[in-house]
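**Student:** Sequence order for the protein chains is V and D. Under the working numbering, the letters of the first sequence match residues 1 to 260, in that order. Under the working numbering, the letters of the second sequence match residues 1001 to 1295, in that order.
Bear in mind the hints are in silico, worked out from the structure with no lab data behind them.
What the simulated footprint calls covered on chain D by chain V, stretch by stretch (three residues with Cβ under 8 Å from a Cβ of chain V suffice, anywhere in the stretch; the number is not a length):
{"no.": "1", "stretch": "1162–1168"}
{"no.": "2", "stretch": "1173–1184"}
Pair by pair, the computed Cβ-Cβ distance ranges are:
{"no.": "3", "chain 1": "D", "residue 1": "F1274", "chain 2": "V", "residue 2": "R202", "range": "53 to 61 Å"}
{"no.": "4", "chain 1": "D", "residue 1": "F1082", "chain 2": "V", "residue 2": "G16", "range": "22 to 30 Å"}
{"no.": "5", "chain 1": "V", "residue 1": "R116", "chain 2": "D", "residue 2": "Q1004", "range": "52 to 60 Å"}
{"no.": "6", "chain 1": "V", "residue 1": "G171", "chain 2": "D", "residue 2": "G1212", "range": "51 to 59 Å"}
{"no.": "7", "chain 1": "D", "residue 1": "L1132", "chain 2": "V", "residue 2": "A84", "range": "49 to 57 Å"}
The structure displayed is predicted, hence computed values, not measured ones. Beta carbons: idealized from backbone N, C-alpha and C, even for Gly.
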Amino acid sequence: MSDLVLTVRDLRAGYGDEDVLHGVSIDVMRGSIVAVIGPNGSGKSTLLKTIYGLVPARHGNVMLLDEAGGSHDLTGLRPNRITALGVNMVPQLANVFPDMSVLENLEIGALPARERFAAQMEKVLHALPLLRAMLHKRAAALSGGQRQMLGVARALMSDPKLLILDEPSAGLAPAVLEEVFAKVKAINATGVSILMVEQKARQCLAMADYGYVLEQGRNRLQGRGQDLLNDEEVVRLYLGVQRRQTGRARDGRDGPPTPP
Amino acid sequence: MLEQFAQLTINGLITGTILALTGVGASLVFGIQRIANFAHGEYLTFAAYAGLLLNATYGQNLVVATAGAMAATAILAVAIHFGVLRPLRGRGLVATSLITVGIGLMLRDVIFMVVGPQTRQFEIDQTAVYDLTLVRISPGQAVAIAITIVVAPAVALLLARTPIGKAMRAVADNRDLAAISGIDVERIGTYVWLLAGALAGLGGTMFAVVQGTFDPNLGFQVLFLIFTTVVLGGIGSAYGALMAGIVLGLAMELSTWSGFAGGLEARFKPVLAFAVLIGLLLYRPQGLFGRARVF
Ligand SMILES: Nc1ncnc2c1ncn2[C@@H]1O[C@H](COP(=O)(O)OP(=O)(O)OP(=O)(O)O)[C@@H](O)[C@H]1O
Ligand SMILES: [Mg+2]
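Modelling step: build the complete structure from the supplied sequences, incorporating the hints.
**Tutor:** Next up, the structure:
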């Protein structure tokens, strides 16, 4: 009966002896877009990697909830098991297989569900039609925007119900960025829940249902996307332009977060 | 001079194809396991003696002996993976590489102890020559051609078309993304050792058969040719290694052609390969066909 698809509770993780995450908690409502913003090095990518089992969690847990009310503890699972449960991710860097063709990238994405390849491929190419003309191109030869689209397409080939995106706008020209964000919205409209990390706080919060601000590996602020966009502190810290304050975003430093 | 050129080309293609197949395995191991396996040469030596055992002692023909050697070497490679390399994983490239040096020395000593230092040969007529007007090939070369002409396309097809082959290339290309894509990278890691072991098995028996005679130094002598192939092709790139092996084999043979500045003396062939390796590492460490990657 739960309306949540993902819950992260008090997650701690890091590299070597250093902790980078000092207890981060987030929730993703089913069918929503959740944005995580924060300055460089605040641990956004580490959070996503820890959720996906690429960096081991040292404390806390990550739960994936299905519509029937069942739940899977993702903590300690290997990434391929998490993918099999209906999740996929587009990492911040190295998000395609550069030595392989576009078509092969999509085939790799469909390996967990090979029997549905043709149908899924049609669906994905329908959503991202620019890839259709370059199926036999090497991924390394794509432009930044095309590569980002391919990364998303590869992830969609497994037909995930939760898609995690790490800075899909990184390094893209403003026009291309708009296009990528529009695609993310369109994908979300087909029923895929989205958890995305972004530097482009304004555009990202504008389309997000809910947002979190991370700072130095801790929850700093959270609230509905629109409210964060208007929050005085967020404006001062990340948006840089004075805006009218509504002040409905609440401080997320103490107590577990509550979904909207 | 034309005839010499044709002969050297044939010789180069044969050596090159064997090198290419062995190199594909080593390159995928580099890419997938992040290991520079200095014991790889000894896997070839092991294979040559495993093949010889089947051929000379048990009277099997060369095809059966080669297949047997491939299977035995694949098992050896997987056993060393599970027994030594996997438990010691995560200690960094230098430590792991030194461990493989140790494994190589141990294997070499054990082989020396078991078979002794004398040279051996497979049961083929070493004196026979097939004269094909332009070129002459030995029975050993004929066997190598017959076997690699089947195996090389099979390996290329495996990598290009089958889900396992694609998964191997994907893991070598980008391990984390392969895992996110749902590939069990641990299982692929085992498969890649099976493949690399089998191809080292093929390489060992084929080098022994083509050379005519061999001793326990066989693998040690070709180890750095394999490494040159891997680097030339771009570390981790299967297709790169396939091309690089053939290019290197041809280059080494053709460097002795009299039309090429009078021809290099044959014993300098390995020096040429070494010069290629050093030049590459200095000026194009991503290989001729590879792209830059971070280790
Ligand atoms: N593989 C790694 N090994 C060691 N330290 C790392 C590693 N990856 C990240 N870090 C460190 O962890 C901290 C958080 O990095 P992370 O990549 O999670 O930040 P981020 O919020 O995603 O930053 P950005 O906005 O630049 O992508 C940084 O101090 C970084 O130096
Ligand atoms: Mg990041």
